[in-house]
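A.B. asks: Chain by chain, the residues:
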Amino acid sequence: MVLSRIAKVSLATVTILGLGVTTLSADTLSEVQKQGFVKCGVDGGLPGFSEVGSDGIYRGIDVDVCRAVAAATLGDAKKVKYIALNAKERLTALQSGEIDMLSRNTTWTETRDTSLGLNFAGVNYYDGQGFMVTKKLGVKSAKELDGASICLQTGTTTELNVADYFRTNKMKYKLVSYDTNDQVVKAYESGRCDVLTSDQSQLYGLRIKLAKPDESIVLPEVISKEPLGPVVRKGDGRWFDIVRWSFYAMLTAEESGVTSANVDAMLKSDNPDVKRLLGAEGQMGENLGLKKDFAYQIIKQVGNYGESFERTVGQGSPLKIQRGYNALWTNGGLQYAPPFR
Amino acid sequence: MVALLRNQKIRGIIFQLLTVIGLVAFLWYIGANTVANIEQRGIQTGFGFLEGTAGFGIDQSPIPYTEENTHGRVFIVGLLNTMIIAAVGIVFSTIVGLLIGILRLSNNWLIAKLAKAYIDFFRNIPLLLQILFWYNVVLRAMPNPKQSYNFFDTIFINNRGLYFPQPEYNTTFLAILLSFAVAIASASLFNRWANRRKEATGKDFFVLPWGIALFLLLPALAYWIGGAQLHFSFPELRGFNFKGGKVLSPEFLALAFALTIYTATFIAEAVRSGIEAVSHGQKEAAASMGFSPYQSLKLVILPQAIRIAIPPIINQYLNLTKNSSLATAVGYPEIVTVFAGTSLNQVGQAIEIIAMTMLVYLIISLLVSALLNWFNHKMKIKER
Ligand SMILES: N[C@@H](CCC(=O)N[C@@H](CS)C(=O)NCC(=O)O)C(=O)O
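Those sequence lines, one after another, are chains X and L.
Counting from 1, position 215 in the first sequence corresponds to residue 215 in the numbering used here; the numbering is continuous, with no gaps.
Counting from 1, position 321 in the second sequence corresponds to residue 321 in the numbering used here; the numbering is continuous, with no gaps.
Please keep in mind that the hints were generated in silico from the structure rather than gathered at the bench.
If a hint is listed, it holds; no wrong ones were tucked in.
In silico EDC-like cross-links for lysine to aspartate or glutamate, where the CA-CA straight-line distance does not exceed 20 Å:
{"id": "1", "chain 1": "X", "residue 1": "K172", "chain 2": "L", "residue 2": "E236"}
{"id": "2", "chain 1": "X", "residue 1": "K292", "chain 2": "X", "residue 2": "D76"}
{"id": "3", "chain 1": "L", "residue 1": "K146", "chain 2": "X", "residue 2": "E144"}
{"id": "4", "chain 1": "X", "residue 1": "K172", "chain 2": "X", "residue 2": "D146"}
{"id": "5", "chain 1": "X", "residue 1": "K170", "chain 2": "L", "residue 2": "E67"}
{"id": "6", "chain 1": "L", "residue 1": "K243", "chain 2": "X", "residue 2": "D146"}
{"id": "7", "chain 1": "X", "residue 1": "K81", "chain 2": "X", "residue 2": "E31"}
{"id": "8", "chain 1": "X", "residue 1": "K186", "chain 2": "L", "residue 2": "D59"}
{"id": "9", "chain 1": "L", "residue 1": "K146", "chain 2": "X", "residue 2": "E189"}
With the rest of the complex left out, here is chain X:
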């Protein structure tokens, strides 16, 4: 026992010295308030989810979650420091304390939620994995991909799903994997592989960015469930609650018809749901250790979930993705927030 403890500590020491040390605080909220911004890990190059515009501003549905948390905790959605991470780096960056939260199209899985010292705070986009192929191949279904070369990004659920899918369908494939998306797209374009696979939402975004979008099609099969959402470190319950309820505030606002445009008028509403959401009634903000108007600030500065969706990936964006599973439960979708009371 003692020996194994010594071994563990020495192993940790040696490796930490090799990697550089970061100290971790268990009170992320105070930390964030002290530093004056939220350190948010994002992808940074993914159309619709998180992308830096030519004006240097980050935009996307994942970015909006960071902004909501900044609005809730600091009263200003702009007080976010974005840290662009690739798939391989993202979870380690969160574990080691380099970022306060991760909002980078990250799939909620049992392993990630339980064994990595992380917690998923919600699902801001329900996705599934798909395939993109060049039209030249003449393939109409994923079932015809036996023997194909497949390009994908490592460190993702994507590589695990492909392995499962081809094994259960008794097909063979040649794997070509890279750790940046850039290299994946380059390889696909140069013909190193026949197929590019990733979360379906991204395929459409990637397709627009190809030199010749018309020569590729997205196959109809969706082979997995990819609930994407924000992630925080385990062990800081209050911070977890803040991230989760910042997102739920956006959903609740949509459900109650509160938008960034009408939120000031809504302050005078007598609807008790709206009153509680905007802090005119109840203790919602205080319960989280935040100001009464935290949700007001989110809605005012970021908008409700529907607004955010349409602006970033929906009809107001080049991606034009339908709400689908991401519609509110009241419209036949899966997006559902527990009551604000």
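Assemble chain L with the ligand onto chain X, guided by the hints.
C.D. replies: Chain L with the ligand only, in chain X's frame:
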């Protein structure tokens, strides 16, 4: 007590002791802190993950591997792939480096300048850029499988790699392999005999034709003894890709090529400085004794140059091995890409995985320095 402190020797020991204690306490604090953090947040620890199913595929593996194998096997696959790329890089960079290093000292102005240009150019471009260049630029220029460059229907080159026939593994094949080993051994014995004869009688014996004959006749004999059953599996376009034969992937080729070209520049410089370090008088002495330039290079200059050149060359081998981890950029599945990369990401146990990977490189480094010590000892000028 005070008297003890005044004693310089004892004071030295006390201070050193204090430093060591302080350092150990500090390190212990960092380590314990990390372990506490990890345990508090419920991050898995220990090496149990090595027995867990990996769940992801690996494109190139010298041993059988499927996604149902364990992370432990991923480690082995990564390690073997590192060793393969290192071995290939070492062999080719030595050949190229020796050649360039000797050409660099050529009396022909143009050749010497070209060799120098090669060295200056490739040594000063970051290796990562070179790998990406060969991979992205050269790969893009290759045709797709249907339009492969076809050499006699046996060798194909396309953007999926270099395909060539692979002999089937049977007694004939084994016998031929064995015959090459025998040929090498007997040729070197033969050479030694010829040298000794020359020392004794002064008569030259021209070994080359006999050596060539050995390398032709022995395998032919082996083919016949082994049952004359040599079969090849040929690459063939079926469906999306080529099947059959053996393939070297573009990732492997780009990495091997870049490592070779880059490391060869350093080896060439080591060779050059080794030769230049042999004093000019030695060469003149050899010439005045009637040695031909070739004889003087072989018998006088090289034996002395090697002693100086080998240690830096061995260091380059070590560098090459470490540099092979740049493979992550193109996705060749060596240990850093596949174990410290993909496995780490799927199981999240950074401490254990990074420690194991560091250990691999540490062991390689220690082996190389042991080799160097042995070499230096062996090569010490023996005073007679
Ligand atoms: N949702 C999956 C995949 C996430 C992911 O990283 N996807 C890749 C493509 S498959 C990506 O976002 N690439 C964009 C980039 O790195 O810029 C997961 O959490 O593992």
